[in-house]
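*Asks:* Okay, here's what each chain looks like letter by letter:
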Amino acid sequence: MKSADDIFEILKKEFGDSILGIDKETPTEPIISVDPLQVYKVSKFLRENSDLQFDSLMCLSGVDDANGNKTNNADGDEIIEGGTFSVYYNLHSVSLKHKITIKVSTSRSEPKVESVENIWKSANWHEREAFDLLGIFFLNHPDLRRILMPYDWDEYTTEVSRHPLRKDYKNPEFYQGMKVPY
Amino acid sequence: MKEYFRNTWLGIYTVLVGMKITFKHLFTPAVTIQYPEVKLKLPERERNRLYVNMDDCIGCDQCSRACPVSCIEIETVKSIPGEDLGVTSNGKKKALWVTKFNIDFAKCCYCQLCVFPCPTECIYMTDIFEFSEYDRNNLVYKFATLSEEEAQEKKLNFEKFTAEKEAQKAAAAAKPKDDQKTAS
Amino acid sequence: MALKTEHMVLNMGPQHPSTHGVLRLELEIEGELVRKVTPHLGYLHRCFEKHAEAMQYNQVVPYTDRLDYLASISNNLGYALAVEKLMGIEVPERVEYIRVIMSELQRIASHLVAIGSNGADIGALTPFLYLFRDREHILSIIEETCGARMLYNYIWVGGLSHDIHPDFVRKTKEFCNYFKPTIVELDNLLSYNKIFIERTANIGVLPVDTAINFGASGPTLRGSGIKFDLRRDDPYSIYDRFDFEIPVGKGLMGTVGDCWDRYYVRIREMEQSLRIIEQAIDHIPDGDVQSAIPKRIKPPKGTVYKRVENPRGELGYFIVSDGSVNPFRVKVRAPSFVNLEVLGELCKGYLVADIIAILGSIDIVLGEVDR
Amino acid sequence: MYQYFYDLTGNTILATLIVAVFPLVNVLIVALIGVYLERKVSAWIQDRVGPNRTGPFGLFQTVADFVKMLQKEDATAKDIDSKLYNIAPVLVFTGSFAAYAAIPFSSKLIGSEAEVGLFYVIAISSLVVGGILMAGWSSNNKYSLLGAMRSAAQIISYEIPTAIIVLSIVMLTGTLSLDKISNMQTAYFWNWNIFGGAEFGITKFLLIPFMIVGFIIIFISTLAEVNRTPFDIPEAESELVAGYFTEYCGMKWAMFMLSEYGNMFAVSAIVSILFFGGYHSPIGYLGNTLGIEWLIPFEQAFWFLAKGWFFILVQMWLRWTLPRLRVDQLMSLCWKYLIPYAFVNLIIIGVISLL
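Protein sequences, first through last, are from chains A, B, C and D.
One rule links them: number in our numbering = place in the first sequence (from 1) + 91.
One rule links them: number in our numbering = place in the second sequence (from 1) + 2.
Numbering follows our numbering, with no gaps: position 343 of the third sequence is 330.
One rule links them: number in our numbering = place in the fourth sequence (from 1) + 3.
It is worth saying that the hints were derived from the structure and are not from the lab.
Mixed in with the good hints there might be a few duds.
Unchecked claim - In silico SDA-like cross-links for lysine to any residue, where the CA-CA straight-line distance does not exceed 25 Å:
id, chain 1, residue 1, chain 2, residue 2
1, C, -9, C, 16
2, C, 72, B, 4
3, B, 4, C, 37
4, C, 282, B, 4
5, B, 22, D, 295
6, C, 37, B, 112
7, B, 26, D, 11
8, D, 145, C, -8
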């Protein structure tokens, strides 16, 4: 049963600079932030290490931090430039009964995160959903396709309305001849 | 070989047990009720169609703000000081003409979030659940008691009243400037 | 020269009598043997997460009802606990007791639908109607308390929308005594029926490591023999005060972790829920259920992940709040969404008829899968 | 009966027509009451009320269904193999209706006293398989093809246990003609084959257990031949939507339903003839006691229909209790359980009949 600080110490000792820091003030749970392209190695370590044993990924959620600055793109829609997307991994160890949250933030222009699919199989669909709704690319994911939105959503939508959960999302006018706005 | 006979015996025995139970159910009376003739008595906290008691409504817009699907539209017009709008049942003096109070029951999700914040408890849920329509627009219920012309007339009064007030204010603003001029 | 054979792609499409909602399974079959199953989702996607970002905290509760519409009380409970943990609200005892009783009643009602439709998929239509007759009792008890039969909007952040109805306690006790013999009847009619056993034993065996690796939870995980129940291992509200054991698949009729085990775990779980209700029903303290409800819910800036034992598994809410009145991001970890991933692994090499039995035993609800 | 009408009318064609009309009327009545009874029995078993809106107690429900079927537009899928598609329902119906030629409704009312009646019935009822395969293949729908393949395997493999049990009965009675078999089980119920046949003596008591086993086997296998639960795999609602008749609607679909209920009655008639004394009443005839000679055939017809309907009710009762078997379990049940038991039963009955 390890507290968040010991886990952070172990990770810091193991990976050095790719662990960016621990954030304890914001309420309810301390969050360890990790460099997006090292997340695969860190997760493999988190799972294999004998006194960590995080064998079940509870939830993987992509969040649009919307911390860029607002500008207008070519055809006048208001979009957010810069800023980050972050992906939170809530991990839990069934055997040792401790929990930790890992945060990874990538830039908004070309969001790339290492996929943890072959460490925890349940991440497969969570990552596909994060890609589908937010547009975060997960490198070497077996089949990164849309999962919830219709498959041909890209043909009918402009750049701004491609991923619905982005803060600057705008409804497309028509989808296959059907009027989208209610 | 033993497994073979056990399977046959289990096969026959469990089928007969199942049949005994269904045979027993052949004679138990039906549990279902004949809906249109026999109606189920609904509990009094039932949440079906909303009803707004318009003479209690003070047009405070609390319910339309609380509604998650925003299916309540209210438009009000301020009353001129002279007019008397009557008093709500719990003694509050009404100050706004409610010209439009529409609830769109096609969008309403019957979550009862609008009933709690209402100060005069004029919006509450009845237990009527058979109000299906052929045309979706008929599901938009208009609760406002003012007819079209009255609403127009109230609006005109109010505009006229604000125009007069504007004029007086302008005049008042103009007057002190003269005083300053006169004073300086 | 080998005969060139091609797999026939059978489309168990969104409109099919036994896919528990609008799920499309693309089966690659060879004769009757299924080689590959690829589920296609998204037919019931109603953008719950986008809606939640535009609503205030208390307005999201009716939306959470519609996630897993067969167990809406535990959806509300999960969301309410998450926001309460974020704001650090302490809820009075009476609310805790009523929440436990209500979510256990809801668990029984949801298991009744799960077992009924699992039996109907395999062909036994009569138990389905008997179980719905029993479920009617629970729905009328809840309807008397909060006015709605399925989508309650009952558990709010910090309390409840209505206090329990005066004869709620009497009716629940009546239901407990009424329900015990019907479980025995169901056992004889379906559980030990040779044809039902033949159709479900040794079918869709979920080994332990794939279960944990795929993050399966709830009866699907416990069917494979792992004693993991959030009410016991990660206790929330006041579950640690009641003693109940966690039924686990033991492979009575075949290997551990087959369809029959998952089905049987659900029946024993219903009995355990009855035990919890009987322990809780007599000690409901009095008090005001709406005392701890904050006038204006404005949680501090931060994130929270709270999980609850929904009848289908581990339902988790990950809420990011930026200090304003509207939640910044609400992510729902739906148990059916994760359990459905196991289906691809589970269905290799079985017959078309088994796919239906396996899908019925995993018990998914598409409202929760597609959000 | 043919002779009676031939004397009446004089020319052969008219007489055969009248004789053929009797079973057709019976099939229609069976379908009419069968559909209604199916809904009512399932309702009572499931604590429901069942149809009660059309006419008193919902009696005209099947008539309403029939009218609905009539006025339904015969929508067919785009590229179906139209010739096979149209022949299939006719073939399936003739397959099940032709079995009535040899079935004696009463001593007077019998289609053709063919010497090889039983052999003819088993042969003709496998015509249905052809029809089902045609329906499944021609409706150009994967589910129908699957359903048709399953039902072909099922009906063919379940004919073997039926044939073996029929063989054991024929060994006992010595004749293949259904009329003679039922005549052998005259008078009271203890003379029925299920209780060891007519002659008194040690063989009668020895036969009883094997006759009961024979009855169970033939009842199960005829249940499978008619595609009734727990063997309704070809049209498994929860897997194959509706199996081979998914693409049919309107009158063509009604033909399939008609043949299903016709088949059900034919099958339960055969079982009652072989084991339960055909048209003989268990407690003697009123006609004899009162001395009215012409009443007996009507009484016999009544008892025959009563036994037929009793078995149909048992089939319905089974349908609403049991889940459905899988295709390979169905095959293993037939080949690994029913056929071995049937053979053993055959040998033992053969030995006993020699005593």
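*Asks:* For this structure, which hints from the list above don't hold up?
*Replies:* When the structure is compared with the hints, numbers 2, 3, 4, 5, 7 turn out to be violated.
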